[in-house]
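K.L.:
Those protein sequences? They're chains A and B, same order as listed.
Position 362 of the first sequence, counting from 1, maps to 362 under the working numbering, and the rest follow consecutively.
Position 108 of the second sequence, counting from 1, maps to 108 under the working numbering, and the rest follow consecutively.
Think of the hints as simulated: they come from the structure by calculation, not from any bench.
Fair warning: this is a prediction, and the values are worked out from it, not measured in the lab.
Any given hint could turn out to be false.
Pairs count within a copy or across copies, as identical chains cannot be separated in the list.
Said to hold, decoys possible - Listed next, the in silico DSS-like pairs over lysine-lysine satisfying Cα-Cα at most 25 angstroms (straight line): (1) 25 with 10; (2) 274 with 231; (3) 3 with 379; (4) 189 with 36; (5) 187 with 274; (6) 350 with 231; (7) 189 with 379; (8) 350 with 59; (9) 3 with 345; (10) 187 with 163.
Number of protein chains: 2
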Amino acid sequence: MQKQVIQFLKDNRERHLEELQDFLKIPSISSLSEHKEDTLRGAQWVEQELHNIGFQEAKIMETDGHPVVYGEYIADGNAPTVLVYGHYDVQPVDPVHLWDSEPFEPTIRDEKIYARGATDDKGQVFMHLKVMEAVINQDDTPPVNFKVLIEGEEEIGSPNLPKFADEHANQLNADLVIVSDSALVEKGKPTITYGLRGLAGIQIDVEGANSDLHSGEYGGGVVNPIHALVKIVDSFRDDNNFIQVEDFYRDIPELSQDERDALARVSVNEDQLKDDLGVPALDGEAGYSYVERTSVRPTLEVNGIYGGFQGEGIKTVLPNQATAKITCRLVPDQDPEHIVQQLTKHVHSKAPVGVNVSVTPFDKGKPYVTPFDHPVIQKAAQAYETVYQNDTAYVRGGGSIPIVAELDRILNVPVVLMGFGLPDENLHAPNEHFHLENFDQGMETLVHYMYLLGEQ
Amino acid sequence: MQKQVIQFLKDNRERHLEELQDFLKIPSISSLSEHKEDTLRGAQWVEQELHNIGFQEAKIMETDGHPVVYGEYIADGNAPTVLVYGHYDVQPVDPVHLWDSEPFEPTIRDEKIYARGATDDKGQVFMHLKVMEAVINQDDTPPVNFKVLIEGEEEIGSPNLPKFADEHANQLNADLVIVSDSALVEKGKPTITYGLRGLAGIQIDVEGANSDLHSGEYGGGVVNPIHALVKIVDSFRDDNNFIQVEDFYRDIPELSQDERDALARVSVNEDQLKDDLGVPALDGEAGYSYVERTSVRPTLEVNGIYGGFQGEGIKTVLPNQATAKITCRLVPDQDPEHIVQQLTKHVHSKAPVGVNVSVTPFDKGKPYVTPFDHPVIQKAAQAYETVYQNDTAYVRGGGSIPIVAELDRILNVPVVLMGFGLPDENLHAPNEHFHLENFDQGMETLVHYMYLLGEQ
Numbered sequence: 001m002q003k004q005v006i007q008f009l010k011d012n013r014e015r016h017l018e019e020l021q022d023f024l025k026i027p028s029i030s031s032l033s034e035h036k037e038d039t040l041r042g043a044q045w046v047e048q049e050l051h052n053i054g055f056q057e058a059k060i061m062e063t064d065g066h067p068v069v070y071g072e073y074i075a076d077g078n079a080p081t082v083l084v085y086g087h088y089d090v091q092p093v094d095p096v097h098l099w100d101s102e103p104f105e106p107t108i109r110d111e112k113i114y115a116r117g118a119t120d121d122k123g124q125v126f127m128h129l130k131v132m133e134a135v136i137n138q139d140d141t142p143p144v145n146f147k148v149l150i151e152g153e154e155e156i157g158s159p160n161l162p163k164f165a166d167e168h169a170n171q172l173n174a175d176l177v178i179v180s181d182s183a184l185v186e187k188g189k190p191t192i193t194y195g196l197r198g199l200a201g202i203q204i205d206v207e208g209a210n211s212d213l214h215s216g217e218y219g220g221g222v223v224n225p226i227h228a229l230v231k232i233v234d235s236f237r238d239d240n241n242f243i244q245v246e247d248f249y250r251d252i253p254e255l256s257q258d259e260r261d262a263l264a265r266v267s268v269n270e271d272q273l274k275d276d277l278g279v280p281a282l283d284g285e286a287g288y289s290y291v292e293r294t295s296v297r298p299t300l301e302v303n304g305i306y307g308g309f310q311g312e313g314i315k316t317v318l319p320n321q322a323t324a325k326i327t328c329r330l331v332p333d334q335d336p337e338h339i340v341q342q343l344t345k346h347v348h349s350k351a352p353v354g355v356n357v358s359v360t361p362f363d364k365g366k367p368y369v370t371p372f373d374h375p376v377i378q379k380a381a382q383a384y385e386t387v388y389q390n391d392t393a394y395v396r397g398g399g400s401i402p403i404v405a406e407l408d409r410i411l412n413v414p415v416v417l418m419g420f421g422l423p424d425e426n427l428h429a430p431n432e433h434f435h436l437e438n439f440d441q442g443m444e445t446l447v448h449y450m451y452l453l454g455e456q
Numbered sequence: 001m002q003k004q005v006i007q008f009l010k011d012n013r014e015r016h017l018e019e020l021q022d023f024l025k026i027p028s029i030s031s032l033s034e035h036k037e038d039t040l041r042g043a044q045w046v047e048q049e050l051h052n053i054g055f056q057e058a059k060i061m062e063t064d065g066h067p068v069v070y071g072e073y074i075a076d077g078n079a080p081t082v083l084v085y086g087h088y089d090v091q092p093v094d095p096v097h098l099w100d101s102e103p104f105e106p107t108i109r110d111e112k113i114y115a116r117g118a119t120d121d122k123g124q125v126f127m128h129l130k131v132m133e134a135v136i137n138q139d140d141t142p143p144v145n146f147k148v149l150i151e152g153e154e155e156i157g158s159p160n161l162p163k164f165a166d167e168h169a170n171q172l173n174a175d176l177v178i179v180s181d182s183a184l185v186e187k188g189k190p191t192i193t194y195g196l197r198g199l200a201g202i203q204i205d206v207e208g209a210n211s212d213l214h215s216g217e218y219g220g221g222v223v224n225p226i227h228a229l230v231k232i233v234d235s236f237r238d239d240n241n242f243i244q245v246e247d248f249y250r251d252i253p254e255l256s257q258d259e260r261d262a263l264a265r266v267s268v269n270e271d272q273l274k275d276d277l278g279v280p281a282l283d284g285e286a287g288y289s290y291v292e293r294t295s296v297r298p299t300l301e302v303n304g305i306y307g308g309f310q311g312e313g314i315k316t317v318l319p320n321q322a323t324a325k326i327t328c329r330l331v332p333d334q335d336p337e338h339i340v341q342q343l344t345k346h347v348h349s350k351a352p353v354g355v356n357v358s359v360t361p362f363d364k365g366k367p368y369v370t371p372f373d374h375p376v377i378q379k380a381a382q383a384y385e386t387v388y389q390n391d392t393a394y395v396r397g398g399g400s401i402p403i404v405a406e407l408d409r410i411l412n413v414p415v416v417l418m419g420f421g422l423p424d425e426n427l428h429a430p431n432e433h434f435h436l437e438n439f440d441q442g443m444e445t446l447v448h449y450m451y452l453l454g455e456q
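If we strip away everything but chain A, and leave its shape as in the complex, we get (with noise of 0.2 angstroms):
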């Protein structure tokens, strides 16, 4: 039967890419206020979607943010349910103008799909939506039963989902949880994330005179609120890049050498990753590798910062304000609330005296590791087996999916998550975009994985 399913996905791919096309012509930008209609219009796509691909049932359901898009199929009631989580929303777009390709008219180029979203994380959602119409048009006895909750807040930290979780455990209860929002770690190489980051961010403003000022007539007898700002961002770390924020390491375990063999043996090629990023030399926290660095060890990063005159040439202007935007990845057993607490307290204690300085704190997400030895991990990896002919990868990410940890606490049943994009594929920056072939072969793998696990 799997084979019969394949089949029907090869025969519709022209279709399912000009579907995919309308999805990621949406601008569902969920943090900026002015995109809120075209987010709702994300979510109406997947719902109408649901219904399209024969669920029985497909509904928007309202959070106090964006909504969520909830929908079911259950086929057999002795069957595994599978709960499907993805998200509709996109990141910004800015700067625009380095965009090869309007970000919201996907182009495909060289068999990649350009567009924001196209990765992250609508191209993988589709692929799991057309990876069930797929099994409904085929199979009159699906293997599994399927649910799926699409959110429309993933990229801003998922705030009203585990609040809608909570109140809706009995609706989303399933067997598993399948997320594909995460990478290969290379080209042909099967992954699985057993672990993610955690996330806490703060804005700090720092405000100076009512107005600007002539740094003529008032250079050197006001502080600059520019200085304050640098003062503070820079004191967040020392010359070896060790966070100096009080107790920020404090509650993650030693690394275990075990760990650290494991992870030296994901094979980075740092020379041709320098070249590829067009950086003189990767640096960052000492003592630890780059893959540690960016997936088992904590970050500080300035995520944006602005403040005076940034046209052309010079304004000799003293400016009254200066903003700094920082989010921390976190690793276990870092809260994302102490660590926020822990944060405002230090910019606080740096602040100099001759300006105002506020701390706002963005939404959290908590970090997340789980054993890798689950049959519904090896399951998966069995799957991606089947179709890429080579050995999974066991890895954690370094990005942040705050709902997993949620999820895993509410519902209690194992995570997996099994992502189809690519690591140089732009997620987040201009020009971001998704290869086809793993669009093919990932919905082979999902087809596999999905009669995998009706096998009782």
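Following the hints, position chain B against chain A.
P.N.:
Leaving out everything else, chain B in the frame of chain A:
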């Protein structure tokens, strides 16, 4: 005759204010290339005005940048010749939303005229033009000959004027230069500026990867250009706000006790100033007073900083570039060339691995001081005191008019800096304005000055 000339000014006040508004309507922002044509219109307005007021010669003269307007009215070969220097270009207007009225739609409220350029420097240039018009119109034997040199690049550091003045030194030859591009120390207090700070600056560009990166995938592994920039910028000063650039203070003579005493007599109500500016404290270089820090001490100010995400909310990006714009106010005998070299050296010495850092110098200006016991300066004080009925303050200005030191060098005659603005008129900031009280009293002062200069 002074009375008759002053009466003419009074009789024509309404027409004058209308003409001034026409001048202020021209968005002659020299630093922005999209305003190149507007800047030229500023020059054309001055040229036409010189013809209108009866100058024998008035012309626009090309430079490698925005043009210069030159004009002359020679009444009597034996009378002293006054060269008035000023500028028709203005600062940018951002942030525009903080203006209460449009920056290029001049508005009179509470006997103040609001517009970009109202006080810096179109308003003050205009006063000279109207005084010349009144003298030429009313007096068959004017007491002095007039030359004017009005440039269009003061706000970008007068990059082309030194060469122009060098090449036209004979044409510009005069007995003194008058510059009205500064302020009274306080309302009702005649003020002669006998020194000015110089200017030097650089732009620092930090480049990381060839595009923005996902902070989850790459965070911790790759150097964040914002971190690198913040590290560099924070290294410029220590906790006492002493500039840490090597040899920065090397050429500054120790301030004499006499000069410190004189500066201590300049009254600044720091509590009032704090309230007016809305800052919790005034602070700067340790061991120096507010007045010292803003006039006789050099500064290093970040005028603008930017990199990464600036929108609403979070974008968990590791940005690929960050920029800071920095200018220093210099005091005698700091050399701008030397300071730019030292700044550049400092930046490169502090640049961390993993990023490419480049430095672009801005245009420079030398600091300036002159003895204030020269007769033409004493006559200026006498003219001021006749109208304002108050003693003259002699101060060193915190701002920079780089061309002053150049005119001093090239023409080798006294440069009299007598301004009519006020310190809180928001020059270089939103809601720039000019008090009409000083517009009227300033023109009267200038009339008296011309006749005092004519007494041989």
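K.L.:
Which holds for residue 25 with residue 10 at a C-alpha limit of 25 angstroms: within a copy, between copies, both or neither?
P.N.:
The answer is within: 23 angstroms in one copy meets 25 angstroms, while 66 angstroms across copies does not.
K.L.:
Is it within a copy, between copies, both, or neither that the alpha carbon of residue 189 lies no farther than 25 angstroms from that of residue 379?
P.N.:
Classified as within: same-chain Cα gap 16 angstroms, cross-chain 86 angstroms, threshold 25 angstroms.
K.L.:
Between the shortest in-copy and the shortest cross-copy C-alpha distance, which are at most 25 angstroms for residue 187 and residue 274: within, between, both, or neither?
P.N.:
within (18 angstroms within a copy, 61 angstroms between copies)
K.L.:
Which holds for residue 274 with residue 231 at a C-alpha limit of 25 angstroms: within a copy, between copies, both or neither?
P.N.:
between (30 angstroms within a copy, 22 angstroms between copies)
K.L.:
Given a CA cutoff of 25 angstroms, do residue 350 and residue 59 count as a within-copy pair, a between-copy pair, both, or neither?
P.N.:
neither (49 angstroms within a copy, 56 angstroms between copies)
K.L.:
For residue 3 vs residue 345, is the C-alpha pair at or below 25 angstroms within one copy, between two copies, both, or neither?
P.N.:
neither (59 angstroms within a copy, 67 angstroms between copies)
K.L.:
At 25 angstroms max between alpha carbons, let me know whether residue 3 reaches residue 379 within a copy, between copies, both or neither.
P.N.:
within (18 angstroms within a copy, 102 angstroms between copies)
K.L.:
Classify it for me, residue 350 with residue 231: is the Cα-Cα distance of at most 25 angstroms met within a copy, between copies, both or neither?
P.N.:
Close inside one copy (8 angstroms) and across copies (15 angstroms); limit 25 angstroms.
K.L.:
Since the copies are identical, ignore which copy is meant and state whether residue 189 and residue 36 lie within 25 angstroms (CA to CA) inside a copy, between copies, both or neither.
P.N.:
neither (37 angstroms within a copy, 56 angstroms between copies)
K.L.:
With identical chains, the pair residue 187 and residue 163 could be close in the same copy or across copies; at 25 angstroms between alpha carbons, which is it: within, between, both, or neither?
P.N.:
neither (37 angstroms within a copy, 61 angstroms between copies)
The structure shown violates the earlier hints numbered 4, 8, 9 and 10.
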